[in-house]
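A.B. asks: Sequence:
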Amino acid sequence: MGMKIIYAGAPAFSVPPLQAVLDAGFEVAAVLTQPDKPVGRKAVLTPTPLKAFAAERGIPALDFAKVREHVSELSAVGADCMVTCAYGQILTAEVLNVFPRGVYNIHASLLPRWRGASPIQHAILAGDAQTGVTVMRTDVGLDTGDMLLVREIPIAPDDTAATLSDKLSALGGECIVEALRKIEDGTAVFAPQPNEGVTLCKKIKKEECAVDFSKPSAEICNLIRAMNPAPLAFSYLRGAPVNLFFAQPAEAERAEGARAGEVVRADKTGIYVRAGEGIVRILELQAAGGKRMRAADFVNGRKIAVGDVFSKEPQ
1 MGMKIIYAGA PAFSVPPLQA VLDAGFEVAA VLTQPDKPVG RKAVLTPTPL KAFAAERGIP
61 ALDFAKVREH VSELSAVGAD CMVTCAYGQI LTAEVLNVFP RGVYNIHASL LPRWRGASPI
121 QHAILAGDAQ TGVTVMRTDV GLDTGDMLLV REIPIAPDDT AATLSDKLSA LGGECIVEAL
181 RKIEDGTAVF APQPNEGVTL CKKIKKEECA VDFSKPSAEI CNLIRAMNPA PLAFSYLRGA
241 PVNLFFAQPA EAERAEGARA GEVVRADKTG IYVRAGEGIV RILELQAAGG KRMRAADFVN
301 GRKIAVGDVF SKEPQ
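Read in my numbering, the sequence shown has 26 at position 26, and its numbers run on one by one without any break.
Simulated from the structure, these hints should not be mistaken for lab results.
Treat each hint with caution, since some may be false.
[To be verified] Label pairs and their computed distance ranges (CB to CB):
#: 1; residue 1: Ala156; residue 2: Arg292; range: 16 to 22 Å
#: 2; residue 1: Ala24; residue 2: Val189; range: 19 to 25 Å
#: 3; residue 1: Glu251; residue 2: Asp146; range: 43 to 49 Å
For each residue, glycine too, the CB sits at the ideal point set by N, CA and C.
Put together the whole structure using the sequences plus the hints.
C.D. replies: Here is the structure:
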């Protein structure tokens, strides 16, 4: 008899690891996720991506607003262990004690770096050269549990939070399958997290996404990539908000004398904006009420010109 598992998650990131667990032949007795939420202008109640996937596969779903208040329902499933992946709720000791073979988390960073809610965005923001997945045994702390497995991948210069998330989600699937096999056959070896190198990351707020062009170009480009696809970096152009999707540090002629945020070149190769240090080459953006487009199309539509200024606040 193999282990019976509850799998907890919510966003699209948590779906590929569940698929991998199922493909590996493990029994998933139920998924644990967040309640349906209103989406769109009509506020249509919509299940999480994990719940929708579970419905397709015929897996029962538990969607408690506060899981700590439903320990008896969790116990009734009779699962041996639980796997969590971007679940989004803190687990109390009472919840952890439900599972005789433990609770294990798929965390998208190289712990103890970037404990918390937004490790993918913060790895890009910080200019980290690499990140990865850590499978750890969950305790009552914030991502402080002993580590079972760690796998690294590089962060590419053109990675956004979206592309890096896809890579880490797939890697998480490989890692949790390997980890569960070790747990099942009794070969799992755990190591405490180092005391050195601990960093924390909270959920990102919209106001943190405003681009300050007085900062160095590399820092600005990291912010833009880290906030793509959500909550999106933004600036103001001619007093209206503009979402920024992708940018790279660049060199541009005739930048001397320009102030931070000023457009020094705008053509089919991009929109070149003076930064505190260097030049930011914007490649994808979206004007208020418009659609996402390449910078070349933005320039062709005459929505921008040399001398225009991007600002952190409306001007």
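A.B. asks: Return holds or violated for the Cβ distance of Glu251 and Asp146 against the range 43 to 49 Å.
C.D. replies: 47 Å, holds
A.B. asks: Can you tell me whether the CB distance of Ala24 to Val189 sits inside 19 to 25 Å?
C.D. replies: 20 Å, holds
A.B. asks: How does the Cβ-Cβ distance of Ala156 and Arg292 compare with 16 to 22 Å: does it lie in that range?
C.D. replies: For Ala156 and Arg292 the Cβ distance comes to about 21 Å; the hint holds.
Violated hints for the displayed structure: none, as all numbered hints are satisfied.
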